[in-house]
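Undergrad: Protein chains in written order, with the numbering used here: chain A, 2 to 268; chain B, 108 to 396; chain C, 2 to 368.
Source of the hints: derived by calculation from the structure; they are not laboratory data.
Heads up, the beta-carbon is just placed ideally off N, CA and C, and yes, glycines get one too.
Treat the hints loosely; a few may be bogus.
Unchecked claim - Straight-line alpha carbon distances no greater than 30 Å define the calculated BS3-like cross-link-like pairs of lysine-lysine that follow:
{"id": "1", "chain 1": "C", "residue 1": "K177", "chain 2": "A", "residue 2": "K161"}
{"id": "2", "chain 1": "B", "residue 1": "K310", "chain 2": "A", "residue 2": "K5"}
{"id": "3", "chain 1": "B", "residue 1": "K203", "chain 2": "A", "residue 2": "K187"}
{"id": "4", "chain 1": "A", "residue 1": "K99", "chain 2": "B", "residue 2": "K109"}
Claimed, not checked - Pair by pair, the computed Cβ-Cβ distance ranges are:
{"id": "5", "chain 1": "B", "residue 1": "H169", "chain 2": "A", "residue 2": "E34", "range": "45 to 53 Å"}
{"id": "6", "chain 1": "A", "residue 1": "F254", "chain 2": "B", "residue 2": "A127", "range": "29 to 37 Å"}
{"id": "7", "chain 1": "A", "residue 1": "R180", "chain 2": "C", "residue 2": "G263", "range": "50 to 58 Å"}
{"id": "8", "chain 1": "C", "residue 1": "A115", "chain 2": "B", "residue 2": "G296", "range": "14 to 22 Å"}
{"id": "9", "chain 1": "C", "residue 1": "Q227", "chain 2": "B", "residue 2": "Y289", "range": "39 to 47 Å"}
{"id": "10", "chain 1": "B", "residue 1": "S205", "chain 2": "C", "residue 2": "G46", "range": "23 to 31 Å"}
{"id": "11", "chain 1": "B", "residue 1": "S205", "chain 2": "C", "residue 2": "E190", "range": "48 to 56 Å"}
{"id": "12", "chain 1": "B", "residue 1": "G201", "chain 2": "A", "residue 2": "E34", "range": "40 to 48 Å"}
{"id": "13", "chain 1": "B", "residue 1": "A382", "chain 2": "C", "residue 2": "P16", "range": "57 to 65 Å"}
{"id": "14", "chain 1": "B", "residue 1": "P198", "chain 2": "C", "residue 2": "K183", "range": "40 to 48 Å"}
{"id": "15", "chain 1": "C", "residue 1": "A115", "chain 2": "A", "residue 2": "S157", "range": "45 to 53 Å"}
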Amino acid sequence: MNRKVSSGILIAFLLASLLPIYWMLNMSLKTNEEIVGVLSLWPQQLTFANYHTIFTDASWYSGYINSMIYVALNMVMSVTVALPAAYAFSRYNFVGDKHLFFWLLTNRMTPPAVFLVPFFQLYSTVGLMDTHLAVALAHMVFNVPLAVWILEGFMSGVPKEIDETAYIDGYSFPRFFIRIFLPMIKSGIGVTAFFCFMFSWVELLLARTLTSVNAKPIAATMTRTVSAAGMDWGVLAAAGVLTIVPGALVIWFVRHYIAKGFAMGRV
Amino acid sequence: MKTDNNRAWFLILPVLLCVAFSAILPLMTVVNYSVQDILSPTQKVFVGVEWFRMVMQDGDLHSALLRQLLFSGSVLAIQIPLGILIALCMPADGWKASLSLVLIALPLLIPWNVVGTIWQIFGRGDIGLMGYSLNQLGVDYNYNGNSLDAWLTVMVMDIWHWTPLVVLLCYAGLRAIPDAYYQAARIDGASRLAVFRYIQLPKLRNVLMIAVLLRFMDSFMIYTEPFVLTGGGPGNATTFLSQYLTQKAVGQFDLGPASAFSLIYFLIILLFCFALYTWMQRVGTGDQK
Amino acid sequence: MARIELIDLAHAYKPDPSTPSDYALRPMSMTWRDGGAYALLGPSGCGKTTLLNIISGLVKPSHGKVLFDGKDVTQLPTEARNIAQVFQFPVIYDTMTVHDNLAFPLRNRGWKDAEVKKRVQQVAQMLELTGDLKMRASGLSVDAKQKISLGRGLVRPDVAAVLFDEPLTVIDPHLKWLLRRKLKEIHHELKLSLIYVTHDQVEALTFADEVVVMTQGEVVQTGSAQALFETPAHTFVGYFIGNPGMNLFDCTLDDGRAIVAGQALALNDAARAALTGASGKITLGIRPEFVECVDGASAASDTVQATVLAVRNMGTHYLAEFRLGSQTVAARLRSIDKVATTAPGQGVRLRFPPERTLYYVNDKRVA
Numbered sequence: 002m003n004r005k006v007s008s009g010i011l012i013a014f015l016l017a018s019l020l021p022i023y024w025m026l027n028m029s030l031k032t033n034e035e036i037v038g039v040l041s042l043w044p045q046q047l048t049f050a051n052y053h054t055i056f057t058d059a060s061w062y063s064g065y066i067n068s069m070i071y072v073a074l075n076m077v078m079s080v081t082v083a084l085p086a087a088y089a090f091s092r093y094n095f096v097g098d099k100h101l102f103f104w105l106l107t108n109r110m111t112p113p114a115v116f117l118v119p120f121f122q123l124y125s126t127v128g129l130m131d132t133h134l135a136v137a138l139a140h141m142v143f144n145v146p147l148a149v150w151i152l153e154g155f156m157s158g159v160p161k162e163i164d165e166t167a168y169i170d171g172y173s174f175p176r177f178f179i180r181i182f183l184p185m186i187k188s189g190i191g192v193t194a195f196f197c198f199m200f201s202w203v204e205l206l207l208a209r210t211l212t213s214v215n216a217k218p219i220a221a222t223m224t225r226t227v228s229a230a231g232m233d234w235g236v237l238a239a240a241g242v243l244t245i246v247p248g249a250l251v252i253w254f255v256r257h258y259i260a261k262g263f264a265m266g267r268v
Numbered sequence: 108m109k110t111d112n113n114r115a116w117f118l119i120l121p122v123l124l125c126v127a128f129s130a131i132l133p134l135m136t137v138v139n140y141s142v143q144d145i146l147s148p149t150q151k152v153f154v155g156v157e158w159f160r161m162v163m164q165d166g167d168l169h170s171a172l173l174r175q176l177l178f179s180g181s182v183l184a185i186q187i188p189l190g191i192l193i194a195l196c197m198p199a200d201g202w203k204a205s206l207s208l209v210l211i212a213l214p215l216l217i218p219w220n221v222v223g224t225i226w227q228i229f230g231r232g233d234i235g236l237m238g239y240s241l242n243q244l245g246v247d248y249n250y251n252g253n254s255l256d257a258w259l260t261v262m263v264m265d266i267w268h269w270t271p272l273v274v275l276l277c278y279a280g281l282r283a284i285p286d287a288y289y290q291a292a293r294i295d296g297a298s299r300l301a302v303f304r305y306i307q308l309p310k311l312r313n314v315l316m317i318a319v320l321l322r323f324m325d326s327f328m329i330y331t332e333p334f335v336l337t338g339g340g341p342g343n344a345t346t347f348l349s350q351y352l353t354q355k356a357v358g359q360f361d362l363g364p365a366s367a368f369s370l371i372y373f374l375i376i377l378l379f380c381f382a383l384y385t386w387m388q389r390v391g392t393g394d395q396k
Numbered sequence: 002m003a004r005i006e007l008i009d010l011a012h013a014y015k016p017d018p019s020t021p022s023d024y025a026l027r028p029m030s031m032t033w034r035d036g037g038a039y040a041l042l043g044p045s046g047c048g049k050t051t052l053l054n055i056i057s058g059l060v061k062p063s064h065g066k067v068l069f070d071g072k073d074v075t076q077l078p079t080e081a082r083n084i085a086q087v088f089q090f091p092v093i094y095d096t097m098t099v100h101d102n103l104a105f106p107l108r109n110r111g112w113k114d115a116e117v118k119k120r121v122q123q124v125a126q127m128l129e130l131t132g133d134l135k136m137r138a139s140g141l142s143v144d145a146k147q148k149i150s151l152g153r154g155l156v157r158p159d160v161a162a163v164l165f166d167e168p169l170t171v172i173d174p175h176l177k178w179l180l181r182r183k184l185k186e187i188h189h190e191l192k193l194s195l196i197y198v199t200h201d202q203v204e205a206l207t208f209a210d211e212v213v214v215m216t217q218g219e220v221v222q223t224g225s226a227q228a229l230f231e232t233p234a235h236t237f238v239g240y241f242i243g244n245p246g247m248n249l250f251d252c253t254l255d256d257g258r259a260i261v262a263g264q265a266l267a268l269n270d271a272a273r274a275a276l277t278g279a280s281g282k283i284t285l286g287i288r289p290e291f292v293e294c295v296d297g298a299s300a301a302s303d304t305v306q307a308t309v310l311a312v313r314n315m316g317t318h319y320l321a322e323f324r325l326g327s328q329t330v331a332a333r334l335r336s337i338d339k340v341a342t343t344a345p346g347q348g349v350r351l352r353f354p355p356e357r358t359l360y361y362v363n364d365k366r367v368a
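Generate coordinates for the entire structure from the input sequences, incorporating the hints supplied.
TA: Written as structure tokens, this is what we have:
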């Protein structure tokens, strides 16, 4: 397969991949009349009114803010608890370690739908319904196992001799961990944070179940675009486009780590 | 080498507490409900394995399971080879590589309901490019009314959505192959196909295993995207297992059978993953770490 | 098997190299005879791998030409040059058996099955791999895998040269010796041109007919092990080869004698002629093997006074260190009877035999 064929296939795939996204972008810049009136490949009458609606209507933009809050919470919490656990798995044998690791992975295998009703009851009981914390906690079910898995892979790449040298030099464990060990797995932490962000940002079944008003994510808001005048396609499309933007920015910043990270240090 | 130290449990404690709160407690509830008949908040009757028996005999469940298996099998059969192919086509370094990576990864970062919405719009005959174009070409395409169209649309949507994951995994795997192997292959006079078959594919084994397991798990648990796109229809043509469960649990509020089914659902995934993992390990024997 | 000629070969990464330090490989010309075994020896970063890659075709040199048997191959890619290369780690096809690994290059060239089998048997026997032929290559030990890598290069009868890039790096020390011996056997039997890159002088000196010593992109000397040992043409060669390396002292010329650490040493006529009027740094070099201890009372013109630093009994010889002025002299002595006492600080008389004492001006040997 020579260079030309490769490039051709890749470009064809990219075009097919980006076309639906482009179509939504296209729609977001049109008026509703134009959308239902004539099918055009680019806006005949360019308008930013749809975006204006979203940026000025609190019920719309609060959805984005809510999502970003619980995603950020989840990232911080997942990485923080996963770090010591990954270290333990990487450096020590202890009673039940293999079973524990496996159990952690099974949490990733549980359909979120299974948790719907129990979560609803559990979080209602502890009074966490409709809070950002609730969604962040709920998302930890599948993010923490992933975080532990990825971090353990990166940590195993750091030789044990470094730990031992630090103890001989008189470091206490917390000081060693924070000042010496963490900087060595910087890219691993970055990769893990990226994945936690990704899977939390995109997950909506649990996020919608656990929230109603205060912490409502953008997903739930997007269902209410039907009004007396008919379906507000333009605003819906604009809302959709805006949900892609944070993700695109994050990928751009971690683009050097994406390929490395997807190997999860284990390739 | 790892040392034996049970005090490592202290390091695990935070994880345990968080996940236990979010996973064990709810699961206990599920197990609890699965063996009881809840007539009212105060009236609960222990029914043993009654729900399990009922669920296993439910014809609707069987249909949903079959549809799910067909769906997962089909998308996997397309996503894995396609992902490998695209990864092979990507440049190894430079700005083109960075750009391709970002563009390819884009579908992965779209909230799942937006994915459904994008395709919902895209496939419509009146305002969607794909629907409109197909109709113009004379194809009678309607994903709301026609079961086959609905199936195909859901499949294309999933392939569009998740192939990038396979691509990124395989891309990482390919970059890990030292140049020396390709040089040696050139010296040996190997054809391009031989390079793929004897060098690249064997070295991608670990990565492909991760890809197959992840994709199988996630496609088996899929809910939001098809729900937004087709709502499970027409009829129940595209109602897969997660939606079936949600209908039972939330729609009909039949907690007992729903809980029983939840446990069965989870066990099915666990068994399949275990079987897949063992099979793939056996297929690629020889290498000892 | 091919005669390899390097004509005005140089490589610089920058487009317009002006100073010597711009070059990764400084201009050099050399001819390697068909069937010779050559080692490229030098520390990391000296340019030996660059030179190897130019010969194999992985790197196109910025200046000069490479000829195989008179044919200009400078612009040809690796696969067209008919060479074989063994890398630092074993490169094998994991999914194939040992037999199929060895057969691969032949099958790709359209050989018939019967001939393939015969040739593979031959090579396997030479490498002592016959028992493993049916096994999966990925399950074997590291040194066996390197043998397979080598075997794939040897299996083609028309291969021009076999290039080795530090191939014993991952091999256990006690197996290195076996593999080195195997390489020499193969060289003897097949009479191939072999080029071996290494930073280990023992490997280089035992393996090659001629060693090319390099440092900082420059070829400083080419010669047999004996020539490199006894008459190093460059202070670097003196220092790098030998264990311990050559003793090197700054010295000045005064009144027809060499002054080292304030003491005078007589010069023979040739040395005096070469050094008189020389401008630049003068260095005196003598190998530890040739330093002698003489009677403390002697004051011969080829001796100097030094003090003992340490004397270690190594079993077969003594390794002594003496202080001469501000510098240290290392010496390998057969016996220590001439050393009055081995206590540190004791005075001792050292003799530098004139026929073994070498002089360098600006690091290049003049006498």
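Undergrad: Indicate, hint by hint, whether the structure satisfies it.
TA: Checked hints:
no. : hint                         : verdict
1   : C:K177 to A:K161             : holds, 28 Å
2   : B:K310 to A:K5               : holds, 25 Å
3   : B:K203 to A:K187             : holds, 25 Å
4   : A:K99 to B:K109              : holds, 13 Å
5   : B:H169 to A:E34: 45 to 53 Å  : holds, 48 Å
6   : A:F254 to B:A127: 29 to 37 Å : holds, 33 Å
7   : A:R180 to C:G263: 50 to 58 Å : holds, 52 Å
8   : C:A115 to B:G296: 14 to 22 Å : holds, 20 Å
9   : C:Q227 to B:Y289: 39 to 47 Å : holds, 41 Å
10  : B:S205 to C:G46: 23 to 31 Å  : holds, 30 Å
11  : B:S205 to C:E190: 48 to 56 Å : holds, 51 Å
12  : B:G201 to A:E34: 40 to 48 Å  : holds, 45 Å
13  : B:A382 to C:P16: 57 to 65 Å  : holds, 59 Å
14  : B:P198 to C:K183: 40 to 48 Å : holds, 41 Å
15  : C:A115 to A:S157: 45 to 53 Å : holds, 49 Å
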